[in-house]
Each structure stands twice: as C-alpha cells, then as structure tokens.
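First to last, the protein sequences are chains G and F.
Heads up: the first sequence is residues 1 to 116, going by the working numbering.
Heads up: the second sequence is residues 117 to 231, going by the working numbering.
These are calculated hints, taken from the structure and not from any lab test.
No experiment lies behind these values; they were computed from the predicted model shown.
We put the beta carbon where it would ideally sit given N, CA and C, even for glycine.
Treat the hints with care, since some could be wrong.
[Stated by the list, open to error] Take a look, some chain F residues computed to stay more than 12 Å from chain G by CB distance:
1) Ser142
2) Leu181
3) Thr228
[Stated by the list, open to error] Footprint (simulated), chain G over chain F, 3 or more residues, beta carbon under 8 Å:
4) 160-168
5) 218-227
[As the list claims (entries may be wrong)] DSS-like, lysine-lysine: derived pairs with alpha carbons at most 25 Å apart:
6) F:Lys158 / G:Lys14
7) F:Lys209 / G:Lys55
8) F:Lys218 / G:Lys55
9) G:Lys41 / F:Lys218
10) G:Lys64 / F:Lys183
11) F:Lys218 / G:Lys66
12) F:Lys209 / G:Lys42
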Amino acid sequence: GAVVSQHPSRVICKSGTSVKIECRSLDFQATTMFWYRQFPKKSLMLMATSNEGSKATYEQGVEKDKFLINHASLTLSTLTVTSAHPEDSSFYICSRRTSGSTDTQYFGPGTRLTVL
Amino acid sequence: QKEVEQNSGPLSVPEGAIASLNCTYSDRGSQSFFWYRQYSGKSPELIMSIYSNGDKEDGRFTAQLNKASQYVSLLIRDSQPSDSATYLCAVNKGYIGFGNEKLTFGTGTRLTIIP
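This is chain G alone, in the form it adopts within the complex:
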C-alpha cells in the first residue's frame, strides 16, 4: 500500500492566493522529506529538502519566501505556495526515503496545482 500520501490531489486557485499541500509519511517517521516539481513533459526537479525541526534546504533558484516548507512532525511536511501565479501551475510531488539508512525514495501521489 501507499507509504506517502499527499493532500489535496488536485487544486485550482485564483492568482494571488496561497495554497498549502500536505505530505504524510504513513508508516515511517521521516526526519527528511523532499519536495519536487514537474512541469508538463519535463522531468522532476528537486525544489527543497524538508528537515524535521529545522529549516528546509532549498535548491538554487527556488524562492524560499514563495515556497514555504514546514516539517513540524516526523510524519508531516507541508509546502505552501504563497501568492500563486499561473507560472506556478505544476505537479508537486513529495517523497521520503524508504528507510533512514538508504537513499532510495518513495514518492507520494502528487498534487496538481492549476493557478488561473
């Protein structure tokens, strides 16, 4: 069964609004989770690494003030897209490692964001 869940699976919002996406590790306490973005017909790009109890590590070119990440518990990381614009429309996917000692990652089902 699924080991990582995301909510919502799909969201449509107006330009300028903020959207929060939740990522839950269902069977494993994850100190680290990862957030990716995938534009149509493009590959996955790592946006940030979410660390429980500390600040997220953002990849170069990803605005930390626009994409707010909170990893407040060992099973939940959230990504908030603030003041969303049409160019933020994308498929957002979170992941976690299969265990604490391996770098293999399981992905959540993803959240499709459409900003009008």
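Once you've looked at the hints, dock chain F against the given chain G.
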C-alpha cells in the same frame, strides 16, 4: 552537458520482446542509481536501485551499471502492454547525512509496448 541524459523516445517494442532503456550521467562521483516508472498523470514508482557495477535482476527487470562508462541501463523482459509508461533514470551523487543528498532525474524515455 546534462547531468543525466536519456533518449526521450518514443521507444516502441512488441509485446513479449525485450525493452532496453539507457541512461548516461556526467558526474563520476555519483553513488546511487535508480529507475522509476511514471504513468501519465501519476507520480514515479520505484522499479530498481543499483549501487555496484554489474547487473541486478528483479523479476522481469534487470538494471545494469557501468561506472567507468558512466552508463546505466534497464532491460524489461517479456514486455507487457502494462509496461507502457515513461521510465525515469535518477542519480544521487551525495550521501545521507552530509547535506548533499539529491536525486537528479533524466527527462525520461517514453516506452510503448505494442500488442
């Protein structure tokens, strides 16, 4: 040069045949290599991981790694229509706990199995 390169395809293979997917990477320091399958509109599913030179088999899937040539491949035997998907190669050149862990993905190869 892209960090991880794949032929975008589409690659068409008759049902029952062997599908061969290839991937090259640019960083010789890369440590871990993965193949994911992604159906249209869905998130990636892990197929295999490989860390050492040589072959690794899991059911109908065989991953091959050649670090000297910086080359990873995936063979799918007895291809089924349900194997039709985009296959993503991913490479990690960092280490857990070192703060440099990062999966870099290729653009994927679209595979179509023809019944």
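Structure-based check of all given hints:
1. Ser142: 15 Å, holds
2. Leu181: Holds, because the least Cβ-Cβ distance between leucine 181 of chain F and chain G comes to about 15 Å, which exceeds 12 Å.
3. Thr228: Threonine 228 of chain F clear of chain G: closest Cβ-Cβ about 16 Å, beyond 12 Å.
4. 160-168: With 4 residues closer than 8 Å to chain G, the region 160-168 of chain F meets the three-residue bar; holds.
5. 218-227: holds (count 7)
6. F:Lys158 / G:Lys14: Holds, at roughly 24 Å.
7. F:Lys209 / G:Lys55: Since the Cα atoms of lysine 209 of chain F and lysine 55 of chain G sit roughly 22 Å apart, the hinted pair holds (cutoff 25 Å).
8. F:Lys218 / G:Lys55: The given pair, whose Cα atoms are some 17 Å apart, holds under the 25 Å limit.
9. G:Lys41 / F:Lys218: Holds. Lysine 41 of chain G to lysine 218 of chain F sits at ~21 Å (cutoff 25 Å).
10. G:Lys64 / F:Lys183: With a Cα-Cα distance of about 35 Å, the restraint between lysine 64 of chain G and lysine 183 of chain F is violated, given a limit of 25 Å.
11. F:Lys218 / G:Lys66: Cα-Cα ~21 Å, so holds.
12. F:Lys209 / G:Lys42: Distance of about 21 Å is within 25 Å: holds.
In the structure shown, a violation is registered for the earlier hint numbered 10 alone.
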